[in-house]
Amino acid sequence: MDYEVIIIGAGPVGSTVAEMIGREGHKVLILEEHSEIGSPIHCTGKLSVNAFKELKLEAKGIINEVKGANFYSPNGQSFQVERDDTQAYILDRKIFDKKLAENAVKVGVKILTEARAMKFIVTKEGVNVIFTHKGDIKKLKGRIIVGADGVNSIVARRGGLYSKNSSELRIGVQKEVFGIKNIQSRIVELFFGRKYAPGFFAWIVPIGNGNARVGLAVRPHLGKNPKKYLDDFIMTHPLIKEKFEGCSFNRANAHIIPTGGTLHQTVSEGIIIVGDAAGQIKSTTGGGIYYGMLCAKIAGKTISKSLEASRKGVLSRNSLLEYQRLWKARLNKEIKISSKLRAFLTSLTDGEINYLFKIIIANPRIFEEIVAKGDMDWQSKIATKVLNTLLKTLIKRPMILYKMGKNLR
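Going by this note's numbering, 179 is the number at position 179 of the sequence shown; the sequence numbering is gapless.
Hints should not be assumed to be uniformly reliable.
With a Cα cut of at most 20 Å, we get these calculated SDA-like pairs of lysine to any residue [stated by the list, open to error]:
(1) Lys124 to Gly313
(2) Lys27 to Ala309
(3) Lys385 to Met404
(4) Lys134 to Pro40
(5) Lys141 to Thr113
(6) Lys175 to Lys134
(7) Lys27 to Val107
(8) Lys67 to Asn50
(9) Lys403 to Thr384
(10) Lys392 to Pro364
(11) Lys340 to Gly405
(12) Lys392 to Glu369
(13) Lys243 to Ser73
(14) Lys27 to Leu140
(15) Lys241 to Ile180
(16) Lys358 to Arg194
(17) Lys297 to Glu334
(18) Lys110 to Ser39
(19) Lys373 to Ile359
(20) Lys396 to Leu345
(21) Lys227 to Leu190
(22) Lys224 to Arg194
(23) Lys94 to Lys328
(24) Lys141 to Ser268
(25) Lys381 to Ala51
(26) Lys241 to Phe71
(27) Lys333 to Asp375
(28) Lys328 to His264
(29) Lys98 to Arg23
(30) Lys138 to Glu33
(31) Lys406 to Gly260
(32) Lys27 to Lys139
(33) Lys94 to Gly76
(34) Lys385 to Arg409
(35) Lys67 to Leu345
(36) Lys228 to His264
(37) Lys358 to Leu345
(38) Lys195 to Pro74
(39) Lys403 to Gly260
(40) Lys305 to Ile180
Worth flagging that the hints you see were computed from the coordinates, not collected in a lab.
With these hints in hand, go ahead and build the complete structure from the sequences.
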């Protein structure tokens, strides 16, 4: 047996699983397809203060702090939710990801970069993994393979656990922009509407010194390149186009966001799927670091326990089911509600979004509830409360009520 555990993907999820198992003295390998851990940067890098505390993370890679968000409707209405203290950190993902990988290496984990998993075969004796490393085809054997390899997970696909379709995905694109005029340094800005971001929203996330991450996500198969949507947003949106005049931009990076909920099964004989690969994200916002790392810790504990209980052969599905039971007990309800909210929001026309903004802005009680009880990590309670409050005012807009009933039941 070459390794006890072979993990595909050295992002925050893969490194967290690896560190937890490595601390118990087990032999762990991570295969990372890119040449540099943490690159390319795909996400906004926003992680709540509460998540930082719960995950017991070191303050590495923090480049900005934000206190709230400004929300913009298609016709330019807006409201701002802000608190006195810092609500979230903006991360340099290269520094953050590398630190987590270093933590894993310190407890004996080995990481191979430029190593792409091609296929694997599960037998009673273990899992045979075939991969390329810097162009050479290689083969290693472990007792379990962990899929922490993102939404198009080869582990989930090859393991027969993949259950997504394109309608449940969004394509995100993002650029870093330098020298923005009049940017709010502690406020994230979110823009809704089908013209610029059909099926999701656009964002401006400040990263300090007048710079920001600017991006959006859209439904696939719209006949228009997502990068063109981003260019149009930057150059033509009436509320922001002047901000970007004279700015410099880096190259846009694209990524896929799983918005339709989790995989039906996240374990099989010799296989565990974690993080974006399992759909363990907030479908409303696309954020996956917090949920993914929570699940990674559960996976690490479950695998370590299973390795101790059985000293040879592939780890059985029954021994891994505790992972699925525990993460679902913690997150499944929240993720399901998040997916339903995403479906509801996607169904709304620009006119309907404008109407909801109008009601929220005109109703101080709704606004106060959002400010007082809104939680970026656990959105279901406040979202349900706001929607229930809106019901009385939506009698004049039966189509919104219909869409609410259809998508949120």
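Quick rundown of the hints versus the structure:
In summary, the hint linking Lys124 to Gly313 is supported, as the alpha carbons are separated by about 6 Å, within the 20 Å threshold. For the hint pairing Lys27 with Ala309, the CA-to-CA distance comes to about 16 Å; that is within 20 Å, so the pair holds. Only pairs whose Cα atoms come within 20 Å are accepted, and Lys385 paired with Met404 is accepted, the gap being roughly 13 Å. A hinted pair counts as satisfied when its Cα atoms are at most 20 Å apart, and Lys134 with Pro40 qualifies at roughly 18 Å.
A hinted pair counts as satisfied when its Cα atoms are at most 20 Å apart, and Lys141 with Thr113 qualifies at roughly 18 Å. Between the alpha carbons of Lys175 and Lys134 the distance comes to roughly 28 Å, so the proposed pair goes past 20 Å and is violated. The hinted pair formed by Lys27 and Val107 meets the criterion: a straight-line CA distance of about 10 Å does not exceed 20 Å. About 13 Å separates the Cα atoms of Lys67 and Asn50, which keeps this hinted pair within 20 Å; it holds.
Restraint check for Lys403 and Thr384: the C-alpha separation of about 15 Å stays at or below 20 Å, so the hint holds. Our distance criterion of 20 Å between C-alpha atoms is met by Lys392 and Pro364, whose separation comes to about 15 Å. A C-alpha spacing of about 10 Å is found between Lys340 and Gly405, which places the hinted pair at or below 20 Å, so the restraint holds. Restraint check for Lys392 and Glu369: the C-alpha separation of about 17 Å stays at or below 20 Å, so the hint holds.
At most 20 Å may separate the alpha-carbon atoms for a hinted pair to count; Lys243 and Ser73 meet this at roughly 18 Å. The suggested pairing of Lys27 with Leu140 holds, with an alpha-carbon distance near 13 Å, which does not exceed 20 Å. The suggested pairing of Lys241 with Ile180 holds, with an alpha-carbon distance near 10 Å, which does not exceed 20 Å. Pair hint Lys358 plus Arg194 holds up; C-alpha atoms about 18 Å apart against a cutoff of 20 Å.
Under the criterion of a C-alpha separation no larger than 20 Å, the hint pairing Lys297 with Glu334 is consistent with the structure, at around 18 Å. For the suggested pair Lys110 and Ser39, the alpha carbons sit about 19 Å apart, so the restraint of at most 20 Å is met. A hinted pair counts as satisfied when its Cα atoms are at most 20 Å apart, and Lys373 with Ile359 qualifies at roughly 19 Å. Distance restraint check for Lys396 and Leu345: the Cα-Cα separation of roughly 19 Å lies within the 20 Å cut-off, and the hinted pair is therefore satisfied.
Under the criterion of a C-alpha separation no larger than 20 Å, the hint pairing Lys227 with Leu190 is consistent with the structure, at around 18 Å. Note on Lys224 and Arg194: the hinted pairing holds, with a Cα-Cα distance of about 13 Å set against a maximum of 20 Å. Straight-line distance between C-alpha atoms of Lys94 and Lys328 comes to about 30 Å, which puts the hinted pair past the 20 Å bound. Between the alpha carbons of Lys141 and Ser268 the distance comes to roughly 17 Å, so the proposed pair stays at or under 20 Å and holds.
For the hint linking Lys381 to Ala51, the alpha-carbon distance of about 18 Å falls within 20 Å, and the restraint holds. A threshold of 20 Å between alpha carbons decides the hint, and for Lys241 with Phe71 the separation of about 17 Å falls inside it, so the pair holds. Annotation: proposed proximity of Lys333 to Asp375 holds, straight-line Cα distance about 16 Å (limit 20 Å). Among the hinted pairs, Lys328 with His264 is consistent with the structure: their alpha-carbon atoms are about 11 Å apart, no more than 20 Å.
Under the criterion of a C-alpha separation no larger than 20 Å, the hint pairing Lys98 with Arg23 is consistent with the structure, at around 18 Å. About 14 Å separates the Cα atoms of Lys138 and Glu33, which keeps this hinted pair within 20 Å; it holds. A threshold of 20 Å between alpha carbons decides the hint, and for Lys406 with Gly260 the separation of about 15 Å falls inside it, so the pair holds. Between the alpha carbons of Lys27 and Lys139 the distance comes to roughly 16 Å, so the proposed pair stays at or under 20 Å and holds.
Simply put, Lys94 and Gly76 have alpha-carbon atoms about 35 Å apart, too far for the 20 Å limit, and the pair is violated. Taking the CA atoms of Lys385 and Arg409, the gap is near 15 Å; set against the 20 Å cutoff, the hint holds. A threshold of 20 Å between alpha carbons decides the hint, and for Lys67 with Leu345 the separation of about 24 Å lies outside it, so the pair is violated. For the hint pairing Lys228 with His264, the CA-to-CA distance comes to about 34 Å; that exceeds 20 Å, so the pair is violated.
Pair hint Lys358 plus Leu345 holds up; C-alpha atoms about 16 Å apart against a cutoff of 20 Å. Distance hint between Lys195 and Pro74 is fulfilled; the C-alpha atoms sit about 8 Å from each other, no more than 20 Å. A threshold of 20 Å between alpha carbons decides the hint, and for Lys403 with Gly260 the separation of about 17 Å falls inside it, so the pair holds. For the suggested pair Lys305 and Ile180, the alpha carbons sit about 51 Å apart, so the restraint of at most 20 Å is broken.
Checked against the numbered hints above, the structure breaks hints 6, 23, 33, 35, 36, 40 and satisfies the rest.
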